[in-house]
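K.L.:
Below, each chain spelled out in residue letters.
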Amino acid sequence: MVYDDSLSFVYLGPTKIIFGSGSSTSELESEMSALGCSRAVVVTDPGIIKAGLSEKIVKTLGDKCVGVFSDVPQDTGIDVVNRGAAFAREKGADIVISIGGGSVIDTAKCMCILLTEGGSLANYEGIQLLTRLQTPHIVIPTTAGTGSEVTWVAVIYDKDKGQKILIVETYNAPRAAILDPQLTLKLPPLLTASTGMDAMTHAIEAMTSVQREPMADAMALHAIRLLSTYLPQCIKDGSNLHARGQVQLAATMAGWAFGNAMVGIVHAMAHSIGAVARVPHGVSCGILLPYCMDFNISDGDEDAIAIYATIAQALGVSTRDDEPKKAAMAAVNEIFALLKRIEHPIKLSAFGVKEADIIKAADLSIADGAIVNNIRCVSDKEEVLAVYRKAL
Amino acid sequence: MAEAFKAFTQEWMDEWKKTINASKEYKEIAKDWEGSVSITVNADPSKNVPEPVYMFTDYWHGDALDFLICDNAKAQTAKFIMSGDYSRWKQVAKKELDATKALMQGKLKLKGDLTYVVRNVKTINKVVDLLTEVNTIFPDEV
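Here the protein sequences line up with chains A and B, keeping their order.
With the working numbering, the residue at position 296 of the first sequence is 883, and numbering never jumps.
With the working numbering, the residue at position 34 of the second sequence is 951, and numbering never jumps.
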């Protein structure tokens, strides 16, 4: 692998992982007890309740569940967090248990801050402002892709400002994540494919970040192996519990990888096309990933080529003896092939994206914070636009 | 040999501001930046920093405006409030530590609109780059 001589890094992975089919009910109580807690508020959303995913968990908790807060929309906001925290405080909760996807998990993360510190969430907008552990939080994810269960970032909409705010606090990382593959069995094929490609993008971009480091790379490489093997199996048979579990684990590993090493050009472009044309995040990551990989090696950078050659091995399309450039291209081609195997969209135009949209998005991409971590330095919006055009 | 300035003095701040305002590259990169950033250096008596140092820096569309040694009250009025230990700031000032990486790793703290910072990370990196052009004498090197 390629690291600078001056390699120095901090790797954080404070979240305990409990994995297994049925673990969301069989392990939850003992994890609560291990944290010294006995009064849980469950945070979820109406979709999860309707799908029947939270009912069994709440029933298992019995008296230890002092309330269920399910008023969480798709893009959560400060007002939602304030209501949730007030509800939890009123119920005397000493732990928050989130059951759901990114929005639910981020709401719960921010509730934990308000429960511990009090005051307004706006006081905590920023990075690493806290100085002590926050109210315990156990995450039970119902999707496999975002990695939110192991990251310490929360994204919350501030209605007054009309924008999303970021709260980055290592002291507020979830204490435990219970990965129960049974909870992902009902995910439809497109959502399975796109969230899986979000995880694949986290893993590959972490490895090609200027902040790459060996611990994150180890997580990323195994995530890539698992995703390339098991994501197609999940699409072929959504009820394949083993494959679902392996993809869930991969998403968590990829979460650790990018939580430490960051992401790059794919995320910069996905954020931007999402803002301009409302293309779902996972879908845009999947579509843009192979084009961005191609872009990153097309200037002949030896480091990038060496890393993609390693990724090709993890994808199972190359060996250590292969010529690096050839292996790197094999990785790019394999991602294209994987998209086809999982019936993932391959062009942005399928989501109504037009030339005018990508021109606007290229402008935004250059100013996106993720782009500065990309292994290939990108400073010209025309370069980004050229990649968008290939993916259009 | 360029004149050397003692870190965390008004003369050093003036030189940093002059270096920023002389940079055409900065003007282009920072053309959209609006607002002030305060920097708090935590006290470290063992490194000749007996009291916390508060600095207030203000930027507007590619120009550096007020660059002041100030008190805590003034520092708290900035749009972005950064703080950290002396040894970390020294590493940043000598480009031994990337400022954004230091934030992510908890080596420095930032209060304020992080999405704005993330969108303008090139501006921050350039301000730090330009600081390295100032010939600096650090308190523990005196």
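By construction, these hints were calculated from the structure, which means they are not laboratory data.
Check before you lean on any hint, since a few could be wrong.
To be verified - Below are the DSS-like pairs computed for lysine-lysine, each with C-alpha atoms no more than 27 Å apart in a straight line:
1. 947(A) <-> 1026(B)
2. 996(B) <-> 746(A)
3. 751(A) <-> 1043(B)
4. 651(A) <-> 637(A)
5. 964(B) <-> 948(B)
6. 948(B) <-> 748(A)
7. 941(A) <-> 968(A)
8. 947(A) <-> 944(B)
9. 968(A) <-> 1043(B)
10. 1026(B) <-> 746(A)
11. 968(A) <-> 1039(B)
12. 968(A) <-> 944(B)
13. 746(A) <-> 1028(B)
14. 751(A) <-> 1039(B)
What the hints assert, rightly or not - Only part of the chain B face toward chain A is listed, based on derived beta-carbon distances under 8 Å:
15. 920
16. 923
17. 1011
18. 1020
19. 1022
20. 1023
21. 1028
22. 1029
23. 1031
24. 1035
25. 1039
26. 1043
27. 1047
28. 1048
C-beta atoms are modelled at their ideal positions from N, C-alpha and C, and glycine is treated no differently.
K.L.:
For each hint, tell me whether it holds in the structure or not.
P.N.:
Status of the hints after comparison with the structure:
1. 947(A) <-> 1026(B): violated (33 Å)
2. 996(B) <-> 746(A): holds (19 Å)
3. 751(A) <-> 1043(B): Roughly 25 Å separates the two Cα atoms, so the pair holds.
4. 651(A) <-> 637(A): holds (22 Å)
5. 964(B) <-> 948(B): violated (37 Å)
6. 948(B) <-> 748(A): holds (22 Å)
7. 941(A) <-> 968(A): The given pair, whose Cα atoms are some 17 Å apart, holds under the 27 Å limit.
8. 947(A) <-> 944(B): OK: residue 947(A) and residue 944(B) at ~23 Å, within 27 Å.
9. 968(A) <-> 1043(B): holds (19 Å)
10. 1026(B) <-> 746(A): Satisfied, since the Cα-Cα distance of roughly 25 Å is no more than 27 Å.
11. 968(A) <-> 1039(B): Since the Cα atoms of residue 968(A) and residue 1039(B) sit roughly 14 Å apart, the hinted pair holds (cutoff 27 Å).
12. 968(A) <-> 944(B): holds (18 Å)
13. 746(A) <-> 1028(B): holds (19 Å)
14. 751(A) <-> 1039(B): holds (20 Å)
15. 920: violated (29 Å)
16. 923: With a minimum Cβ separation of about 28 Å from chain A (threshold 8 Å), the hint on residue 923(B) is violated.
17. 1011: violated (13 Å)
18. 1020: holds (5 Å)
19. 1022: OK, holds: residue 1022(B) within 8 Å of chain A, min 4 Å.
20. 1023: Result: holds, 4 Å to nearest chain A Cβ.
21. 1028: holds (4 Å)
22. 1029: Residue 1029(B) check passes; min Cβ-Cβ to chain A is 6 Å, inside 8 Å.
23. 1031: holds (4 Å)
24. 1035: With a closest approach of 3 Å, the residue 1035(B) hint holds.
25. 1039: Holds, about 6 Å.
26. 1043: With a minimum Cβ separation of about 11 Å from chain A (threshold 8 Å), the hint on residue 1043(B) is violated.
27. 1047: violated (17 Å)
28. 1048: violated (18 Å)
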